[in-house]
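Colleague: Listed below, chain by chain, are the residues.
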Amino acid sequence: MTGVRVAGVGLTEFGRHPERTGRDMFAEAALAARTDSSVPVEDVEEINYGNFMGSLAERQGHQAPLMAEMIGSRCSATRYEEACASAGVAVREAVRSIRSGENDVVLAGGCERMTNLSTAEVTEGLSTAADDLYEIRAGVTFPGAYALMARAYFDRFGGGREDLAHIAVKNHDNAMPNEYAQFHREITVEEALDAPMVSEPLGLFDACPVTDGASAVVLVSEDYADANDLDAPVSVTGSGQGGDSLALQNRHHLAVTPATERAAAEAYEDAGISADAVDLVEVHDCFTIAEVLAIEGLGFYEPGEGIGAARRGETTATGERPVNLSGGLKAKGHPVGATGGSQIAEMTRLLRGDHPNSEYVEDATVGVTHNAGGTVASAAVHVLEVDR
Amino acid sequence: MTDAGYDEWLDAIGEGEGYYLECPDGHGSLPPRRVCPECATPELDRTPLPESGTIETFTVCHVAGPSFADEQPYVTAIAEFGPVRLTGVVRGTDPEDVTVGAPVEVGKGTNETTGEDMVVLRLR
Ligand SMILES: [Zn+2]
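Protein sequence lines, in the order shown, are assigned to chains A and B. Just so we're aligned: 274 in the numbering used here is position 274 of the first sequence, and the numbers increase by one with no gaps anywhere. Just so we're aligned: 43 in the numbering used here is position 43 of the second sequence, and the numbers increase by one with no gaps anywhere.
For reference, chain B alone in the conformation it holds in the complex (with noise of 0.2 Å):
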């Protein structure tokens, strides 16, 4: 199964062509869109993804449903990248050392449990 418009989104952050949805007010959003969620408008043009985020929360997950269940404790986090935010699974570090502020890249991973394409940020 494919998810168009989200799957094509998730090969470029794999290329390092990350990209997001830009409207000409400036609204930043993520595919599938038709319109700026923020003020409805179809004009969208695809802006590179900045290199670096910023943490803005997280969690460690210590109780997690059938699909992350070989992954438990995993830490989820939501990072900015300019006008939009990125939630993703944090690789590549112990969860202690896991803080809001901290910069992070993102890059496409697979969940191993289910096989699927996901979202990884990673410390930078």
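Here chain A stands alone, though its shape is the one from the complex (with noise of 0.2 Å):
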């Protein structure tokens, strides 16, 4: 089984472009990832391309063959949709892909253009990644759901909102340097507790926000990046999916994320690594309490332990294991079907040492993303390492 190199990434600037096309945004992130690879767009075997609510968005289905016409290439492209997880199942394929022998080189990512709609329409977009007949028509919106876990989380294990309020804070303090986020400012934990309701327990600063953005990775085979003399120094060496029922109601416990265990205990397995290993990680923390039950359910903490992570200074830059270093979902900004992508990117430039932020982690060598469909129905796991 070969070996699958990161050869190039790119992004756009996560944020506010209403006037902006997804395929224009596609292109351009996917034409900067093929510039920071070298490889030439011919060589290019398959697109694997995440979108969630294009369809609804943009009244435009059948994105995938359009996005691969925008760089150029007329070559096989299939859409990917799992929620929010949409563009870390698109790299986990391109991964499996290269890994199998059948293709060398697979352009992977995503994209989703949300602010041209109404607060109301992308809340009613979003929440169709819930269960139709027993979630939406009781009213589950995508804060909402969360905010249900939120409250069993607290009712369990105990925390409260001003230990979500120091997530916030982090993740905005992360975002800062990022020249691709949608926040640059400074929170504080008091602004975070004074800010309006959206769902209780969860108010404004406790959600990620709407928004538009791209991104791509090219991954190539061992033997191309070695033929081609690639300056790849970044390996996806694990790679993992879990699953559960959609609706909350159908979990046997409402504050543990099975669905993330799954997918990690299959990602250490093929890495070959222990979460003891992993020095960094990007987590999906589309609300703040789902970067704790993220960073339990990667096994960083036992269940009931990670609402204090960031409070005690442990996930944050110059902890002991830095949570979302690119500014997370939360101050980065979480355009859904590009989310996937942008985690593989943002880990890539941290570990090889072009980030902003890579100061604060200059002899790591394993990365972790976590990205998680809807309420963690379903979630893509994958080690990255550097070893050149």
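Note that these hints are calculated values from the structure, not bench results. Wrong hints could be hidden among the right ones.
[Unchecked claim] Beta-carbon label-pair distances, calculated as ranges:
hint	chain 1	residue 1	chain 2	residue 2	range
1	B	Pro50	A	Arg185	45 to 53 Å
2	A	Glu69	B	Glu71	43 to 51 Å
3	B	Thr114	A	Arg96	17 to 25 Å
Ideal Cβ positions, reconstructed from N, Cα and C, are used throughout, including at glycine.
Since each chain sits alone in its own frame, please combine them into the complex, following the hints.
Modeller: Written out as structure tokens, the structure reads:
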């Protein structure tokens, strides 16, 4: 089985770009990744494209071949849809196709255009990641679903809104120097606690923003990298995916995420590492409580212990295992279908040493990305390692 | 439009004859099901839903989608009824009076914005 190297990464600035089309944003990210990789477009054999609500937001289905055309390719192109984990799964399928020997060069990533919709329309669109019969009809919104999990967590394990506020503060701090991030504004714990409620107990600063943006990574086989003398110091050494019941009400517990546990176990075994070996992490913090559930599901904390990690300084930039040095979904932004690819791009930059926050992790060799769909009915986890 | 299995179930709830599906191993689930989601057996029997449930978690939603725009703020809760949980909108009470652990009963209500039938929970 061949190794898989990250030959290049590309991102658009995440933020409010209601006038930009999805095709334009993805083309920008994909062309940037191609340039970063020095791989000619004619060598790209497959495009794996993540997108969640393009049919709704842009009235544009069948987006994958459109995206291929936008970068001057006629290769086979497929859209992957797994709600917020769409691009994570697109990357995973790229890894699998290269490992199988079928392809040497795959471009993976994703895009979402969201701010051209009203808040109510976005709320409705995102809620379709929940169970139509048993959740959407009962008024479960995306923030509402995580609010249900947050209250269940507080009730079972303790912790409260102030602990969550520390996570928001940390991720805003991390986004400050990131040129691709949506927010470049420090916030305080008090500001987070005083912000308007979205879905109690979660307030405005517990929630990721509505974001437009695109991400792309060029993945190549070990042989292709060697034959073409590519400068590609980061490898994808582990990949895993896990699933769970779509509706919260059918889960065994409302404050743990077994899909993440299963994806992590598979990815760690694949890479031949344990959670202890991980130096830094990009996790799916669509809401502050989601970061807690993620670092517990990934095995860095026992259930109930992750809530205080940011407050204790363990997951901050100068902590022992920084979480979301990019700013995370919370402050970097969450263009749903682009997020999983963006995490791979940011982790690659962090490990290569060309991310503005690389200074905090100069000796880091092992990074993990965690991309979750809906209320973690699906999760994709990847292990990235620097070995040259 | 009807959702076979679900609509029939919700009508039964409305008539006070709510049920869930039970497999021989005692796993509970809600329709539509062809097999038990826990053990995949196709042997599912209708079993009466307990009359009283317990709120396990809830949220007061202040930012609704278009289909709940007329109702915000509203409370959505997940309540345990024996081996199954139900997600519903809590009606007939102030949001401040809803607590984890509160006993509830389930009924059928109408979403005034969309006209759709929905699961409604009321404090007992
Ligand atoms: Zn069963």
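Colleague: So, for every hint listed, does it hold in this structure?
Modeller: Hints, verified against the model:
no.	hint	verdict
1	B:Pro50 <-> A:Arg185: 45 to 53 Å	holds (50 Å)
2	A:Glu69 <-> B:Glu71: 43 to 51 Å	holds (44 Å)
3	B:Thr114 <-> A:Arg96: 17 to 25 Å	violated (41 Å)
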